[in-house]
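In the order they appear, the protein sequences are chains S and F. Using this note's numbering, you'd call the opening residue of the first sequence number 34 and step up by one each time. Using this note's numbering, you'd call the opening residue of the second sequence number 11 and step up by one each time.
Mixed in with the good hints, there may be bad ones.
In silico SDA-like pairs for lysine to any residue, Cα to Cα no more than 20 angstroms straight-line [as the list claims (entries may be wrong)]: (1) S:Lys-532 with F:Glu-87; (2) S:Lys-298 with F:Pro-68; (3) S:Lys-278 with F:Pro-68; (4) S:Lys-317 with F:Leu-75; (5) S:Lys-515 with F:Gly-98; (6) S:Lys-317 with F:Gly-43; (7) S:Lys-278 with F:Phe-55; (8) S:Lys-278 with F:Arg-59; (9) S:Lys-311 with F:Arg-59; (10) F:Lys-106 with S:Lys-298; (11) S:Lys-317 with F:Ile-74; (12) F:Lys-73 with S:Ser-290; (13) F:Lys-73 with S:Ala-320; (14) S:Lys-429 with F:Gly-90; (15) S:Lys-311 with F:Glu-87; (16) S:Lys-317 with F:Glu-87; (17) S:Lys-298 with F:Gly-98; (18) S:Lys-311 with F:Gly-90; (19) S:Lys-317 with F:Lys-73; (20) F:Lys-45 with S:Glu-520; (21) S:Lys-532 with F:Gly-90; (22) S:Lys-301 with F:Gly-90; (23) S:Lys-278 with F:Ala-49; (24) F:Lys-73 with S:Leu-386; (25) F:Lys-73 with S:Glu-129; (26) S:Lys-298 with F:Glu-87; (27) F:Lys-45 with S:Glu-527; (28) S:Lys-311 with F:Arg-81; (29) F:Lys-106 with S:Leu-505; (30) S:Lys-317 with F:Gly-90; (31) S:Lys-429 with F:Pro-68; (32) S:Lys-298 with F:Arg-81; (33) F:Lys-73 with S:Glu-527; (34) S:Lys-311 with F:Leu-75; (35) S:Lys-301 with F:Glu-71; (36) F:Lys-32 with S:His-280; (37) S:Lys-429 with S:Leu-505.
Reference listing, derived: stretches of chain S covered by chain F, where coverage requires no fewer than 3 residues with Cβ under 8 angstroms from a Cβ of chain F [what the hints assert, rightly or not]: (38) 107-116; (39) 278-288.
Keep in mind the hints are simulated off the structure, nothing from the lab. Even glycine gets a Cβ: it sits at the ideal position worked out from N, Cα and C.
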Amino acid sequence: MAKRLTIALAGNANVGKSAIFNQLTGLNQTVGNWPGKTVERAEGTLHFKGYTIRVIDLPGIYSLSTFSLEEIVSRDYIATENPDIIVNVVDASALERNLYFTLQLLELEAPVILDLNQVDFAAKKGIQINTEKLSETLGVPVAQTVATSGIGINELVSTVVAAVSGERKPKSAKLVYGEEIERRVQAIEKLVGTELPQLCSVYPARWIAIKLLERDVDVVGKLKNYESGKEILDYAESLGAELEKIHGEPPSIVLASERYSLASKIAKDATIIVTPPKISLEQKLDAITTHRILGYPILIGVVASIFALIFVGGSFLSSGLDSVFINLSTYIRGALSSLLPSAAVDLVNNGILSGIFAGITVALPYIVPFYIILALLEDSGYLPRAAFLMDNIMHKIGLHGKAFIPIMLGYGCSVPACIGCRIMETQRERFLTAFVVVLIPCAARTVVILGLVGRFIGLYAALALYAFNLVLVFALGRIAFKVLPGEPVGLIMEMPSYKMPSARNVILKTWSRTRDFIYVAFPIIIAGSVVIAALVSFGLLDAIVQAANPLMNGWLGLPAVTAIPLIFGVLRKELALVLLGDVLLSQGMVLRDLTNIQMIVFSLVIMIYIPCIATIAACKREFGWKKAIAITLIDVALALLIGGLAYRILSAF
Amino acid sequence: MQFRNRGNHNRLRHRHSVHAPKGTISLTTLHEGDKGVVACFSGGFGLIRRLVEMGLTPGIEVKILRKCPFRGPVELEVRGVALALGYGVASKVFVKQPKAEANG
Numbered sequence: 034m035a036k037r038l039t040i041a042l043a044g045n046a047n048v049g050k051s052a053i054f055n056q057l058t059g060l061n062q063t064v065g066n067w068p069g070k071t072v073e074r075a076e077g078t079l080h081f082k083g084y085t086i087r088v089i090d091l092p093g094i095y096s097l098s099t100f101s102l103e104e105i106v107s108r109d110y111i112a113t114e115n116p117d118i119i120v121n122v123v124d125a126s127a128l129e130r131n132l133y134f135t136l137q138l139l140e141l142e143a144p145v146i147l148d149l150n151q152v153d154f155a156a157k158k159g160i161q162i163n164t165e166k167l168s169e170t171l172g173v174p175v176a177q178t179v180a181t182s183g184i185g186i187n188e189l190v191s192t193v194v195a196a197v198s199g200e201r202k203p204k205s206a207k208l209v210y211g212e213e214i215e216r217r218v219q220a221i222e223k224l225v226g227t228e229l230p231q232l233c234s235v236y237p238a239r240w241i242a243i244k245l246l247e248r249d250v251d252v253v254g255k256l257k258n259y260e261s262g263k264e265i266l267d268y269a270e271s272l273g274a275e276l277e278k279i280h281g282e283p284p285s286i287v288l289a290s291e292r293y294s295l296a297s298k299i300a301k302d303a304t305i306i307v308t309p310p311k312i313s314l315e316q317k318l319d320a321i322t323t324h325r326i327l328g329y330p331i332l333i334g335v336v337a338s339i340f341a342l343i344f345v346g347g348s349f350l351s352s353g354l355d356s357v358f359i360n361l362s363t364y365i366r367g368a369l370s371s372l373l374p375s376a377a378v379d380l381v382n383n384g385i386l387s388g389i390f391a392g393i394t395v396a397l398p399y400i401v402p403f404y405i406i407l408a409l410l411e412d413s414g415y416l417p418r419a420a421f422l423m424d425n426i427m428h429k430i431g432l433h434g435k436a437f438i439p440i441m442l443g444y445g446c447s448v449p450a451c452i453g454c455r456i457m458e459t460q461r462e463r464f465l466t467a468f469v470v471v472l473i474p475c476a477a478r479t480v481v482i483l484g485l486v487g488r489f490i491g492l493y494a495a496l497a498l499y500a501f502n503l504v505l506v507f508a509l510g511r512i513a514f515k516v517l518p519g520e521p522v523g524l525i526m527e528m529p530s531y532k533m534p535s536a537r538n539v540i541l542k543t544w545s546r547t548r549d550f551i552y553v554a555f556p557i558i559i560a561g562s563v564v565i566a567a568l569v570s571f572g573l574l575d576a577i578v579q580a581a582n583p584l585m586n587g588w589l590g591l592p593a594v595t596a597i598p599l600i601f602g603v604l605r606k607e608l609a610l611v612l613l614g615d616v617l618l619s620q621g622m623v624l625r626d627l628t629n630i631q632m633i634v635f636s637l638v639i640m641i642y643i644p645c646i647a648t649i650a651a652c653k654r655e656f657g658w659k660k661a662i663a664i665t666l667i668d669v670a671l672a673l674l675i676g677g678l679a680y681r682i683l684s685a686f
Numbered sequence: 011m012q013f014r015n016r017g018n019h020n021r022l023r024h025r026h027s028v029h030a031p032k033g034t035i036s037l038t039t040l041h042e043g044d045k046g047v048v049a050c051f052s053g054g055f056g057l058i059r060r061l062v063e064m065g066l067t068p069g070i071e072v073k074i075l076r077k078c079p080f081r082g083p084v085e086l087e088v089r090g091v092a093l094a095l096g097y098g099v100a101s102k103v104f105v106k107q108p109k110a111e112a113n114g
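Using the sequences plus the hints, can you model the full thing?
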């Protein structure tokens, strides 16, 4: 029988943790959320020498305090779920900074294995690490890997298995802090150990003592449930106040500095600087792409070429798929009509099938290439540079540079863009970014804008719409920033070095994200299609068109039937253009018969009116129903307002 | 002490900086390539804690790698890692500068 093990990967962001995860688990992985939290949880399995190993990828964090959801999730997992081993992935080229996190894992007395990743890159920078020395100082096994090319992965798993099977038991060497801190920690530890045996069975007494000294909100809260808690808290507080008096800084800052000075010492002792680093290609690339002037045209070029590529390639693939599906659908209709009554055939064909087809014709041609390019940008390290360059501009709408990343994603598809808002630090920032992101014209909206305004009026008019959209996004972003309570957060971001992305990692990332997209978007696209097919077959659509007439014709100046493409556009916005042609044809008109003003108004409404149903689903997942509905209603109201105003203003000329 | 170089050039440099404690200057007043030793911070506890956890502990030497124009972000090197700070954040970090370089 296979022996079962659970290991968790923990470490800073940008250390190649997900690359290690992908190397370990390959396609045997699932990505979801931690229960009740919008923090990504990746899990996979691996079989190795008779062991079935469950691998959990913890979020990339810099500390185990409780300032972000990611930190809380990681800390709770490590302390309470007791994984057999925690593989602490560290960047070998930035040992000192990474050891800060390692020291906190060791404070939790977790069974740690240190994995020095990117040793090839460190070597290039002239850094070599004496692993034996490091292992001895920290008291944990140390492995070395190059995750992107899979070097050392087998040895890493062997080290894990050896540690668990007792061949080499990880035993933490006692890491001692400076005299004045150490004395106080030990005093509290002693008191906690005797007074709170219950809590000490879950958390190490020394860790509780350190956290009490740091005034950690979470741990202080835990102590309040105990009878003797008050006394201990007072004692810890008095010792903390002493430390604060000596150093002139709060104890948590003193302890963080202390950890860093220990990390610095350990790193220096274990590091051998081989050759003085010479300027590498990566550094030259870095200098050019973040140049104060040159950086911007490069950024614009990169973004523009990405979208040109996705758009041209996507529309080509999409139209090919469409014709395949039309044939398929006719065939299925024929096959079904001998079995089912015609109403049921319509429901299956126009509802379920066209829902599935709609999903595929969006996902395959647009989403997959988009995810591939996104993974390339992420793994190469360009995204943080783009965020750096855009920080200034993003501040104008109360956000910071990182918000540029979901906004850029928004030009591809709103669904990943909404999920991408997670890179923002606070819930407020995330919601603000999402509010802005859904207004960005995605690839599907671009199809309508270019296919209608671009084709019949001219490219300049289409570009003017985009420019207007940017102005609108900035204006609304600014208003939302003023209206939503809370303080803006500034940019604090690590700038990773440029790296060559690995094909395996890019493919696996694309696959897991595409699958995620399918889970979020497909059920709701299909359900929506069924509802609309039912409306059509019960003849309710005409009633809706009649009811919408005053709004469509009176307020927006559009033919009443254009309500139909707008309704269907909720499912899939690029479909609106095809449908617009169809419904106009039923009135004996063609697209060209629309006036320029009507085309512009229609495009404006499509651009703003509602995030498509898949986006609403993504918003709901990230922010809950209330906020998802709020975003939807605001956008509908806004679209009608702007559409009506545009009609009146443009007609005046 | 922060006014010791009260030239026209320097007044411009100091225009946007938060009032710096005696003997220190804000990170944003440093130039590309300049070095400084972190002295203290202004701002909320949460912000300070995040900065310290990213390695900006009092007493550590930092080097400005890059500054974006128009009150843009600052990229600096600390503990062998490149860190980007928004202008607002950087203006709340105060450093001491070795004298020879400060006058240069």
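To see whether the hints hold, each was checked on the structure:
For a cut-off of 20 angstroms, the pair hint linking Lys-532 (chain S) to Glu-87 (chain F) stands: about 18 angstroms separates their Cα positions. Distance restraint check for Lys-298 (chain S) and Pro-68 (chain F): the Cα-Cα separation of roughly 16 angstroms lies within the 20 angstroms cut-off, and the hinted pair is therefore satisfied. Pair hint Lys-278 (chain S) plus Pro-68 (chain F) holds up; C-alpha atoms about 16 angstroms apart against a cutoff of 20 angstroms. In summary, the hint linking Lys-317 (chain S) to Leu-75 (chain F) is supported, as the alpha carbons are separated by about 13 angstroms, within the 20 angstroms threshold.
The suggested pairing of Lys-515 (chain S) with Gly-98 (chain F) holds, with an alpha-carbon distance near 18 angstroms, which does not exceed 20 angstroms. Taking the CA atoms of Lys-317 (chain S) and Gly-43 (chain F), the gap is near 16 angstroms; set against the 20 angstroms cutoff, the hint holds. For the given pair, Lys-278 (chain S) sits about 17 angstroms from Phe-55 (chain F) by alpha-carbon distance, which is consistent with the 20 angstroms threshold. Of the pairs offered as hints, the one joining Lys-278 (chain S) and Arg-59 (chain F) holds, with about 18 angstroms between alpha carbons and a cut-off of 20 angstroms not exceeded.
Annotation: proposed proximity of Lys-311 (chain S) to Arg-59 (chain F) is violated, straight-line Cα distance about 34 angstroms (limit 20 angstroms). The straight-line distance between the Cα atoms of Lys-106 (chain F) and Lys-298 (chain S) is roughly 23 angstroms, outside the 20 angstroms bound, and the hint therefore fails. Distance restraint check for Lys-317 (chain S) and Ile-74 (chain F): the Cα-Cα separation of roughly 17 angstroms lies within the 20 angstroms cut-off, and the hinted pair is therefore satisfied. Annotation: proposed proximity of Lys-73 (chain F) to Ser-290 (chain S) holds, straight-line Cα distance about 19 angstroms (limit 20 angstroms).
Only pairs whose Cα atoms come within 20 angstroms are accepted, and Lys-73 (chain F) paired with Ala-320 (chain S) is accepted, the gap being roughly 15 angstroms. Simply put, Lys-429 (chain S) and Gly-90 (chain F) have alpha-carbon atoms about 31 angstroms apart, too far for the 20 angstroms limit, and the pair is violated. Taking the CA atoms of Lys-311 (chain S) and Glu-87 (chain F), the gap is near 17 angstroms; set against the 20 angstroms cutoff, the hint holds. Proximity of Lys-317 (chain S) to Glu-87 (chain F) is assessed by CA-CA distance (about 16 angstroms); at most 20 angstroms being required, the pair is judged to hold.
Between the alpha carbons of Lys-298 (chain S) and Gly-98 (chain F) the distance comes to roughly 32 angstroms, so the proposed pair goes past 20 angstroms and is violated. The straight-line distance between the Cα atoms of Lys-311 (chain S) and Gly-90 (chain F) is roughly 15 angstroms, inside the 20 angstroms bound, and the hint therefore holds. Our distance criterion of 20 angstroms between C-alpha atoms is met by Lys-317 (chain S) and Lys-73 (chain F), whose separation comes to about 18 angstroms. Taking the CA atoms of Lys-45 (chain F) and Glu-520 (chain S), the gap is about 31 angstroms. The hint is violated against a cut of 20 angstroms.
Of the supplied pair hints, the one linking Lys-532 (chain S) and Gly-90 (chain F) holds, its CA atoms being roughly 17 angstroms apart against a limit of 20 angstroms. A hinted pair counts as satisfied when its Cα atoms are at most 20 angstroms apart, and Lys-301 (chain S) with Gly-90 (chain F) qualifies at roughly 12 angstroms. Restraint check for Lys-278 (chain S) and Ala-49 (chain F): the C-alpha separation of about 17 angstroms stays at or below 20 angstroms, so the hint holds. For the proposed pair Lys-73 (chain F) and Leu-386 (chain S), the alpha carbon gap of about 60 angstroms is over 20 angstroms, so the pair is violated.
Restraint check for Lys-73 (chain F) and Glu-129 (chain S): the C-alpha separation of about 17 angstroms stays at or below 20 angstroms, so the hint holds. Under the criterion of a C-alpha separation no larger than 20 angstroms, the hint pairing Lys-298 (chain S) with Glu-87 (chain F) is consistent with the structure, at around 18 angstroms. With a CA separation close to 19 angstroms, the supplied pair Lys-45 (chain F) and Glu-527 (chain S) stays within the 20 angstroms bound. Taking the CA atoms of Lys-311 (chain S) and Arg-81 (chain F), the gap is about 31 angstroms. The hint is violated against a cut of 20 angstroms.
With a C-alpha separation of about 44 angstroms, the suggested pairing of Lys-106 (chain F) with Leu-505 (chain S) is violated against the 20 angstroms cut-off. As the CA atoms of Lys-317 (chain S) and Gly-90 (chain F) are separated by approximately 18 angstroms, the hinted pair is consistent with the 20 angstroms bound. Straight-line distance between C-alpha atoms of Lys-429 (chain S) and Pro-68 (chain F) comes to about 31 angstroms, which puts the hinted pair past the 20 angstroms bound. Distance restraint check for Lys-298 (chain S) and Arg-81 (chain F): the Cα-Cα separation of roughly 36 angstroms exceeds the 20 angstroms cut-off, and the hinted pair is therefore not satisfied.
Between Lys-73 (chain F) and Glu-527 (chain S) the alpha-carbon distance is near 15 angstroms, which keeps this suggested pair within the 20 angstroms criterion. Annotation: proposed proximity of Lys-311 (chain S) to Leu-75 (chain F) holds, straight-line Cα distance about 16 angstroms (limit 20 angstroms). Only pairs whose Cα atoms come within 20 angstroms are accepted, and Lys-301 (chain S) paired with Glu-71 (chain F) is accepted, the gap being roughly 16 angstroms. With a C-alpha separation of about 18 angstroms, the suggested pairing of Lys-32 (chain F) with His-280 (chain S) holds against the 20 angstroms cut-off.
About 13 angstroms separates the Cα atoms of Lys-429 (chain S) and Leu-505 (chain S), which keeps this hinted pair within 20 angstroms; it holds. With 0 residues having a Cβ less than 8 angstroms from any Cβ of chain F, the stretch 107-116 of chain S misses the three-residue criterion, and the hint is violated. With 4 residues having a Cβ less than 8 angstroms from any Cβ of chain F, the stretch 278-288 of chain S passes the three-residue criterion, so the hint holds.
Hint compliance for this structure: hints 9, 10, 14, 17, 20, 24, 28, 29, 31, 32 and 38 are not met, and every other hint is.
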